Structure formats: C-alpha cells, structure tokens
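Given two chains presented individually in distinct reference frames, assemble the corresponding complex, making use of the accompanying hints.
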Amino acid sequence: MSSSSTASGHLAASGLADVASSEASLRRFLHGLPGIDAVGLQARASGLGTRSIKTTAKAYAIDLAISMIDLTTLEGADTPGKVRSLCQKAKNPDPGNPDVPHTAAVCVYPDMVPFAKEALGGAPINVAAVATAFPSGRAGLPVKLADTAEAVAAGADEIDMVIDRGAFLSGRYLEIFELIAEIKKACERPDGTAAHLKVIFETGELVTYDNIRRASWLAMLAGADFIKTSTGKVTVNATPANTLVLMEAVRDFRNATGVQVGVKPAGGIRTTKDAMKYLVMVNEILGDDWLSPDWFRFGASSLLNDLLMQRQKLASGRYSGPDYVTVD
Amino acid sequence: MSEPTSALRLDVYKTYKLFVGGKFPRSESGRVYEVTDRKSGEWLANAPQGTRKDTRDAVSAARKAFGGWSGATAYNRGQILYRAAEMLQGRREQYIAEVAVSEGLTAKKAAPLVDAAVDRLVWYAGWTDKVAQIAGNANPVAGPYFNLSTPEPTGVVGVVAPQSGNGFSLLGLVSVLAPVIATGNTAVVALAPGAPLPGLSLGEVLATSDLPGGVVNLISGRTEDIAPTLASHADVNALDLAGVVAEEGPASAKSLEVAAADTLKRVLRPESASYDWTTAPGTDRLLTFLETKTVWHPMGM
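Chains as they are written, first to last, in the working numbering: chain Y, 4 to 331; chain R, 1081 to 1381.
This is chain R alone, in the form it adopts within the complex (with noise of 0.2 angstroms):
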C-alpha cells in the first residue's frame, strides 16, 4: 500500500476564538465574519463577531481578575510577562505568518516586526518592578514618620487595539497592551476588525503563561459595537483609544470621551493613523493607568 500523497490530504482549518476570562469562546451572538489577506483579498480564515454582550462579559472578567492581579507582586507579574515573551518567541513562524497577511508584507519584513513584539514584553517585564521608583516617592516630612507615595493600578481597562501603522497588528497591540497588564490593570481589547488574526492567536500565548484567567481579554468584532460599550460601561476605568480611526459616529474618538468622560474614566487619545510602532515606546503608556496612593506611616511610636 502506498502512502497517501500531500495533495490528497484536506486542510485543518484553525478556527479563531475571543479569549475572555482565561477561556476560548465563541462569540454569545454565533457569528463570525471573514477575515482576508491584506494585499490579495484572499479569505483567510473566520473570526469571531464579538458584540456588546461579550464585551460586558469581558469586562466582568476583567473585573474578577483584577484583585489577583493587582496583589500579585511586581516580581510575579514580570515573570508572567516573561513567560508569554518565550512563548511569543516558540510560536515565531506562526506568527510572522500572520502578520505577513494581515499586514500585506513579505515574511521576511514581517520577521522583525515578531521579533520586536517579543523584545516589547521582555522590556515591559522589567518595568514590572521598577515603575514604582520613578512613579513612586519617598515624600520628605518634618517630624517622626515616613510619608510615600506609591503607584496602583487604576482598574479595568479598556483597550482599542492599533488598525493601523508600521507593525500594528502584534507589535502595536503587544505595546499598548504590555504596559496596561504590567502595572497590575486588567485589560478588554477591542481587536482591530480587518487584522484580528495575530491578537486572538496572542490568547492561546497567554492562556500558556501562568496569566491568570481575565487579566486579558480579546475581542474580535466591529469597532462600533466593542468600544462604545467600553467607553459607556461603569465598570471600565479607563479607556485607551489608541487604534481609534472612525472620524464620526459612535467609535469616533470623540464620541468615546464624551461616554467615557461620564462614568469619570481616564482616557488615552489616539496614536496617529501612521505611527511606527517599532519607535521605542518610553514610559508614558506604563505611567497613564496608575493612580497615587499616599500614605503616612508613623514610626517610634
């Protein structure tokens, strides 16, 4: 008996699931929408069609993972970064694949631009520990007690993850996404609709990093229907628009920060529509969603 030949064999088809509270659903609603190629228009596979109702139910599992995470320490949570970095980095040619498609570039352009995902969450997995030094202060007092002030995280935060600019669909969502689970946030990203694939796959490289269940939640879907529900819920801190491109309407950048001003939520505007995302990011995203806990505490007493 002969083997059977490749051209006979049919192919496994990978089907994309949201990635909420640690787990892969599908969309509540059943739909899915099809996902192309960039450059040949050619269907790629089918994502999830996240609505208003996944959200909600990812920013109560953002809600229930945030006092795990925000206790943790600082140690653990860059170990955890770490981890996802090194799985980031063993899954690189699945990657560069899908970036190459959803980016309409060669895998050889593409390969960098994986690489600098990884070393993005390397680099946030060190601020892990170290934010609190240049966030925080030891105040100066006059009198028997010390005075400090230490960052904390600020809650939930809702994310719209980059549609565009060099690197956008990993290395830009990996850069706003980092610094927010760094600080001890927990996160709901609205995925960007046209070039979803990279970030649901970036699920399965969480869901394999010790990062408890919640702590990240990604949703593909429509823009319109995913960040007005973030920028309206009570629940959500803060808001970080930084994929927002809609002019008008309801996912303008606009109407979120009238929702989000509201419900009293931080809001980060959006990057410009051809920011490079491989420029070094600095600290102001790692900054932005923390607040200042001062406190006194009275010695030789």
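This is chain Y alone, in the form it adopts within the complex (with noise of 0.2 angstroms):
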C-alpha cells in the first residue's frame, strides 16, 4: 500500500486492506459493490432539489457555497495577466463589499502556479493545479508523474489529476489504482508534508451510475483526499444524480474505514440555485461533518458571477445584473 500509514492502517482494521492485492481481488471487490437503482437514484436527487431556501438561510447558503468554490480557468489561452486577475477576485470576489467571503481555491494549468501563488501572496487561499495530462489523461506514467511533480514543486496546495478512463472502461482496475498510488506519493513534497490530491473520474464517460460508484471505491482505497466528478470538458459533467452516487460512496467509506474524503462536482454548475441543491444534498446524505470547504468544493468559474448577483439581491432588495460583477 502507498497510501499514508494512518490510512492504510484504518484499511487494514476494515479488512480492506489486501483488496487491491491482485487484479482480481480488485475486481471482485468492486463488482461486489451493491448496484445502483438508476430510477430511485434520480428521483432521490431530483427530489431533494425541489427545497425552498429563503431569507437567512438562503444568505447562508450563499456565503458557504462562495467559500466553497475552486475558481477554475483552464482555457489554452490562459495567460498570467489572466490568472493574475482570477487570483484577485478569488481573494477579494465583490470588491465593492468587503464582507464577501474568499474563495476556497483558484484551479488552473500547472504552468500557471507561479504566477497564482504570487498574485496570491499570504492570502488563505490554495492554488489547485490540474495535472497527469488533463483533461484527457491519455499519456504515459512518467510524463503524468512529472506533470505533477512540477505543480507540487512550483508550489500547488492541491492537485486534481484524471484517471484513465479507457483503462477503467476495459477493466484494468489494477492499473488506475497504481496510478493514483504514484500519483499521491509524486505529491509529497521533501519537508514530509504533501498536496492534498483530487481524483477526476469524468463521470461523462463512465456510462453508467454502478461505474462512478466502482471508480469511487477505487479511488479511495488508493489514497484520493477527494473525488472529483468531472473535468467540464465534456458535454455530460457534474450532475445532481452523478454527484449523489460519489455522496453515497464517501459516506460508506468513512463508515467502513474512519476515513474521511471529501467531494467536489465540476463543470455545469452555473446559477445559486444549481449550487444550493448539491448543498441541500450534503446536509442531507453526508450531514454537517462535510459541510465546509475543507470537504465540499464546487469546480466552477461563472457559478461565482451568479452568487455575488444573487447576495446583492438579498442585501438590496433590487434585482442585480452582469453590469455589476467582474466579467471574466
């Protein structure tokens, strides 16, 4: 095992420690999960997006979700003065009003940490590098492991890297889990600390819901800080119902293991009110031990504009617009 001693030492008092001895120990074990009902899935996560948060709890919501946001720009034209930019605002998101929380992190290239953590300075605020060939993650091992050896070097907090999701797709579960193992030791830096690590699974590609529920196991049994649902690059990405399954899986995990994981959907989320049902969904399935930016994040970059539009809404009682929030 690779992941740190305290987890592999909860995994072994579970009795999961040797599941990912061989292949086929890891195949059983994960196609021995219990099925998902696809129907009672997406009735669950639609019923619990028809809750009316209003007035101060609605405020609160708000603020929470604002803390809780990876502001996210991962374009090919990306540039520095971009990311400048991106890091001012995570720090600062309504300059007009001070009392707006910060953001949780600014996700981006790992060519672009640098200049994050500068633009930054000693504000609380971690830099997210997406890594091991991202989005796709199609490339060898040595490349994704430099990859993210220079994110972890150039000073990344976390690092959000993709699984292979053909592997995955033609069963070779063995050899996704070894990639995460590498992966999370490539984010040890030498003073004995490490970068916290995000596993993407692209939950688009996974075709089914019994799929994302095997790829959050096997993500967890290898040593992922968190589960990621998506990279945004697709046309299917976070959605309520996907979101829910790595919920379930996480709750589980820490009810066999100790271990806690946290969870981060990305991609689609766009408006307060998409924000407020996968709120609504931690309180009620993972309850308030997940419910802060230490286990929750929302991998977003329009979802912020919206937030701010919505929190002048309630503090002035007038209907705000675009005009009033920065354009990125």
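Hints in this document: simulated from the structure, not taken from any laboratory. Please read all numbers here as calculations on a predicted model, not as lab measurements. Check the hints yourself; a few may be wrong.
[Unchecked claim] Listed next, the in silico PhoX-like pairs over lysine-lysine satisfying Cα-Cα at most 20 angstroms (straight line):
1) R:Lys1133 <-> Y:Lys276
2) Y:Lys61 <-> R:Lys1133
3) Y:Lys57 <-> R:Lys1133
What follows is the structure, given as structure tokens:
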C-alpha cells in the first residue's frame, strides 16, 4: 500500500487492505459493491432539488457556497494576466463589499501555478493544479508523474488528477489503482507534507452509475483525499445524480474505514439555484461533517458571479445584473 | 348527409399568451384574468396574469438579446421593422376588431387607427439608419485625426404601455415600442391591463418578422406588479413611463421614478392621460434612449 500509514492502518482494520493485492481481488471487490437503482437515484436527486431555501438560510448558503468555490480557469488561452485577475477575484470576489468571503482555491494549469502563488501572496487560498495530462489523461506514467511533480514543486497546494477512463472501461482497475497511488506519492513534498490529491473520474464518460460507484471506491482505496466528478471539458459534467453517487460512496467509505474523503462536483454548475441543490444534498446525505470548504468544493467559474448577484439582491432588495460583477 | 349548419359549430377561442424571449409562454403563476369589452362589459378573452417573476424572466431574455440586436446593422433593423409593418397590414381585420373592443369604438373608427399603427412602424423603420445623422457628429478638431460622436443604444428599456388616449391600445403601443427598438435597445413592455389584446397579438406579428427572440417582451397583468419590478431591477437601463396612470402607490410615476433613481436609470415621464396617439411623433422618443459614444480616430500616423 502506498497511501499514508494511518490510512492504510484504517484500511487494514476494516479488512480492505488486501483488496488491491491483485487484479482479480480488486475486480471481485469493485463488482461486489451493491448495484445502483438508477431510477431511484434520479428520483432522490431531483427530490432533494425541490427544497425552497429563503432569506437568512439563503444568505448563509450563498456565503458558504462562495467559500467552497475552486475558482477555475482552464483554457488554452490562459495568460499570467488572466490568472492574476482571477486570483484578485478569489481574494475579494465583490470589490464593493469586503464582507464577502474569499473562495477556497483557484484552479489552474500547472505552468500557471507560480503566477497564482505570487498573486495570492499570503492569502489563505489554496492553489489547485490540474495534472496527469488533463483533461484526457492520455499519456504515459512518467509524463503524468513529471506533470504532477512540476506542479507540486511550483507550490501547488492541491493536485486535480484525471484517471485513465480507457483503462477503467476496459476493466484494468489495478492499473488505475497504481496510477493514483503513484501520483499520491508524487504529491509529497521534501519537508514531509503533501499536496492534497483530488481524483477526477469524468463521470460523463463512465457510462453507468455502477461504474461511478466503482471508480469512487477505487480512488478512495488508493488514497484520494477528494473525489471529483468531471473536468468540465465534455458534454455531460456534474449532475445531481452523479454527485449523489459520489456522496454515498464517501459516506459508506467513512463508515467502513473511518477515513473521510471530500467531494467536488465540477462543470456545468452555473446558478445559485444549482449550487443550493448540491448543498442540500451534502446536508441530507453527508451531514455537517462535510459542510465546509475542507470537505466539499464546487469546481466552477461563472457560478461565482451568479452567487454575487444573488447576494446583492438579498442585501439591496433589487435584482442585480451582469453590469454589477466583474466580467471574466 | 347534410352539411352541419354553422349554428352547430363550436367556437374556437384564442388563448392569449405572453411574449417572452421569442416564445409564447403562459404566466409562470398559471393565472389568467378576464378581459372585457370596453363598451358592453362582455367577456372577450382570458389574458395571462403576468407576475414579477415573469417580468424578471423577460428582463433576462431582453438582456440576452441586447448584444445581437444592438450589434445588428441599422439597415437590418429597418428591414425587420418594415417587415413587422407588412405582417401587421396582413392581419388588419383582426386588429381592427381587437382595437374596436379594447377602446370601445366602431370598426369604422378603429380601422384608421390600425392603419396609422402600420404607418408608424414604417416611419420608425426608416429612422433606423438615419438617426445617427441627427444624433451623431463629426466633431471639429485641430489636428491630424477625426473625432466622431455616434449614438449607441442605452440597453434594456422597461416600457409601461399607454392605457388611455385616442388609439392607445395598438397605435399608442407601437408609438412607444418602435422608437425603443429602432435604435437597438431591447424592451420589456407592461401592457395596458384593461386592453391587452392588441398588444398580445402584436407579439405574433413580431415573432413572424425575423425579430430576434427577446428583443421585445410583452407582459400583460397588473401594472402594480410589473412596473415596479422593472423600475427597481438593476439590469434594466431605462424606463418609459408613457402609460402610467396611478396617482399614488407603487405604480405611481413618483414611486417608479424613485426606484429608477436608485439604479441610475434614464426615465421618460408619463404622457397625459388624454394624449392623442395619432399626433405626429417627432424624434423625441427616438433620441431619449440613446447614449453618445465619442471616439478619436488617428489618421496618417
């Protein structure tokens, strides 16, 4: 086992230590996970989306959602200037209102990490870097390790890695397990600390809910600190139902092993209403333990503007518009 | 077998709907209210009772449409307005009937009002590519460059449609709506609650005139719900209070102007209740919802 000694200790205590000892045992374990009732799952996810959150509860939810955002820019056209302005926005989302909380992190490509670190200065905002040949994951292991090591050396606090969906869909689970474990090792810094590892499944490419559950357990067994739905680069990104599968997996994993893993839906979450649906799900499925930026994140770029507009509406009573938030 | 006589045929009633974002939705509330004949008080149709939420949706649609419409060439906007006039002309009989019941007129008196509405659309269609000549300028400079001032549309304009005066129901509506969109603004219109039918039908004309969805949004319902929502909405840039009649309360001109001042809107004050909409309009309404952009253009450098 390559995960940290305490985590492997927990795994040993729960009898899960040797499931990854061979391809066969890992497959037996993952395919032995209970199947998902797709209709029931979707009904549950849409049912949780009907709650009405108003006034003070809404104000609380908006501020919580802002503090959970990984403010993201992952474009081929990203420049140091764009990353700097993104960092300013992460520190101070609404320049006219210093009460607005800062976001949890900014999420950039590895070569942009130094610029983000510099722009954020001493602000308590993490820098997350996507690595391992994001977004496709189509590269050899040495390339992925070097990609990760470069980002960590540049000062990234969190690494968002993608799994090899091709390997997953063709049933080579051990290969993915070892990939995640290797990347986890590459996240360690010389001083003994380590960057947090988020594992992206690209749920839109995994086809079935059962696959998403298997991928979740696979990543958590291999030592993921966070599991994340999507890259935001394919047509189907985070959906409430997909995220619900991830949430159930982290809940069951903690019940089985005592190890808590975070969840990050990413891509396609654009409105305050969407964000609130996810927060309701966290509260109902996972409870207070996950209702903090340490355990739940939104991967989003345009969501922040909508949250700010809704916040302005609550404060002033007037519906706001895109003229009153920064354009980026 | 004999032909069924006309007396046995069931009437097909028209379901009037809102016009928002180029679509014809019912009110999100699901509510309707009864519209009656101005003279006899007889039931005419159910009109959708547009709500504050419908109004906000319309503002979003208008904002979304603004980029494309303001960026379209003036020539193209003129063509589309002219096309709307053609469509209105083609449905003349329907509008004569609707205007007659809305304003309590005979068909004979309503006909010239509909014709005037067609002519007014044509008149504003002609203005689209000429307004820059009266609102813009090549400013005199003492150097090797040009300095040009050009009119730019203000943005999303909230319009309270006329509720009284000769020809208010269709001609009045066209007279306040056409100048707003002719210059590239987009509009959200609070229709006259007592006479919404010509306005709701106008949506069908606009929808078949190549007008991009969201440029004009028509909401029927209580003015005291719709107008204050437009006045206080930060994403509405200007307000035309043409049809405001309330003396006090949230839908009065004073309250609406106060709410509009909070969000720095341009405001056009109400017309008098007895205004004759057949009066030649002049360019005032056309020039109200314009901003001036001045650019320095270096040459020979």
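Tested hints:
| no. | hint | verdict |
| --- | --- | --- |
| 1 | R:Lys1133 <-> Y:Lys276 | holds, 15 angstroms |
| 2 | Y:Lys61 <-> R:Lys1133 | holds, 18 angstroms |
| 3 | Y:Lys57 <-> R:Lys1133 | holds, 15 angstroms |
Of the numbered hints listed earlier, not one is contradicted by the structure.
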